[in-house]
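A.B. asks: Here are the chains, one letter per residue:
Protein chains: 4
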Amino acid sequence: MNTTIESLTQALRRFAAERDWEQFHSPKNLAAALTVEAAELLEHFQWLTEEQSRNLPADKRAAVSQEIADVLLYLLQIADKLQIDVIAAANEKLALNGAKYPAAQARGSSAKSDELRRAQEEVNGGPS
Amino acid sequence: MNTTIESLTQALRRFAAERDWEQFHSPKNLAAALTVEAAELLEHFQWLTEEQSRNLPADKRAAVSQEIADVLLYLLQIADKLQIDVIAAANEKLALNGAKYPAAQARGSSAKSDELRRAQEEVNGGPS
Amino acid sequence: MNTTIESLTQALRRFAAERDWEQFHSPKNLAAALTVEAAELLEHFQWLTEEQSRNLPADKRAAVSQEIADVLLYLLQIADKLQIDVIAAANEKLALNGAKYPAAQARGSSAKSDELRRAQEEVNGGPS
Amino acid sequence: MNTTIESLTQALRRFAAERDWEQFHSPKNLAAALTVEAAELLEHFQWLTEEQSRNLPADKRAAVSQEIADVLLYLLQIADKLQIDVIAAANEKLALNGAKYPAAQARGSSAKSDELRRAQEEVNGGPS
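Chains A, B, C and D are the protein sequences, given in the same order.
Quick note: to get the working numbering, add 976 to the position in the first sequence (first position is 1).
Quick note: to get the working numbering, add 976 to the position in the second sequence (first position is 1).
Quick note: to get the working numbering, add 976 to the position in the third sequence (first position is 1).
Quick note: to get the working numbering, add 976 to the position in the fourth sequence (first position is 1).
Hints were generated in silico from the structure; no laboratory data involved.
Please read all numbers here as calculations on a predicted model, not as lab measurements.
Please note that a few of the clues may not be correct.
Which copy? The list can't say, so a pair holds if one copy fits it or any two copies do.
The calculated lysine-lysine pairs, modelled on DSBU-like cross-linking and capped at a C-alpha distance of 30 angstroms, are [what the hints assert, rightly or not]:
| id | residue 1 | residue 2 |
| --- | --- | --- |
| 1 | Lys1076 | Lys1036 |
| 2 | Lys1057 | Lys1036 |
| 3 | Lys1069 | Lys1088 |
Using the sequences and the hints, build the whole thing.
C.D. replies: Okay, structure coming up:
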């Protein structure tokens, strides 16, 4: 078992090389394949209520688990092709999100950051 | 910096809790958000040639890195909600893919496994 | 105003030709762009409840209307490139769906057709 | 055969009503389903070259035609639920796109409108 992102990435490289699939694995094609897998994950939830999606039966949960794996496997391959460290990128994005959505303003709101800012400005008597 | 999937997952839990966002984070909604982020990643590549996608200018690569991070952050949150171990799931899927696409048959072909099987059966004189 | 699918398709051809954009408009690229627009439409709904999605405020409804237009415009362009009559294709698919999901069995169920068939077979004492 | 958008929309209403599916057809769910279908369309192209995507074999073209139909059928259902006239929306968006991408500046470029504007400003000695 590959226990880290690095060893998974190595395994994916071997997998593609053994099948001579690097020719298909441009970042463009991998991004399309990733989106397709994300949509296959979404498909499992599309007619469920949110409540049902929180309580999946075992067989559905197993199928969802495979789609989650597919998304991760393509994500690691794109990142590998572009020499992006996904863990570092995730940490940086989390920090950016913290700045964009300060806990005090964002509390309990699903508004996007520009909407939050406008709402805040209105409270403050700023530009509408 | 969160150096592992586990610590990133913990950080994401705190992030959502501080903003009271768990109410929005049903697996169904997270799967939709994940798909949206995957599509934002794809958007960067949609008009590029495959060759151009392999050689991104620095600013585009930085933007792509943020989208990759967004995809990973949502993926970890869905997996957390459903108590799925993404690394174990990825290993299992990789093993399944190895069985579905044996290196010998899949070599240099982008055909799906059912198409590969049909092609193989034709070679073997099996059912068309 | 272009009042028909045909005249819209003609207008899209002129639009692309005037900008020398046919070079970018391979069916592959258009399918990626279509998916990106569909996800932009979905983004408006991702944190809403289903009930909220049925009762959009006017500004959100206007934004959604633009995304719906984008999806249609790319769809017509793919169909045009592949010489597919979208109205005929929609009629054929509707007939297929009617056969896959007979009203009596599908009533009130979001199960996919293979799940419906299995459920029906169980009722009938067929293969489990 | 339903020859117009209106008659297709009517047929889709009857189809859902006969199956008691309106309960699942919130705009939110329909937008997810639309995105899933768009991704299924994209899946057919993901490993093809652009050139191959312009020259599909007959069986692939038939499969693509069904996915195009699925996208249209969900699009018409969302529009119907939100009382949006898709033809009018498409005309309005086409006019907006014409203003965003003037033929002279956009000629042969896949840059987004903000990138085009910046490029134009640089040419004009405007703000960098």
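A.B. asks: Indicate, hint by hint, whether the structure satisfies it.
C.D. replies: Hints and how they fare:
1. Lys1076 x Lys1036: Between. Shortest inter-copy distance 21 angstroms satisfies the 30 angstroms Cα cut-off; intra-copy 35 angstroms does not.
2. Lys1057 x Lys1036: between (32 angstroms within a copy, 14 angstroms between copies)
3. Lys1069 x Lys1088: Close inside one copy (15 angstroms) and across copies (24 angstroms); limit 30 angstroms.
The structure shown violates none of the earlier numbered hints.
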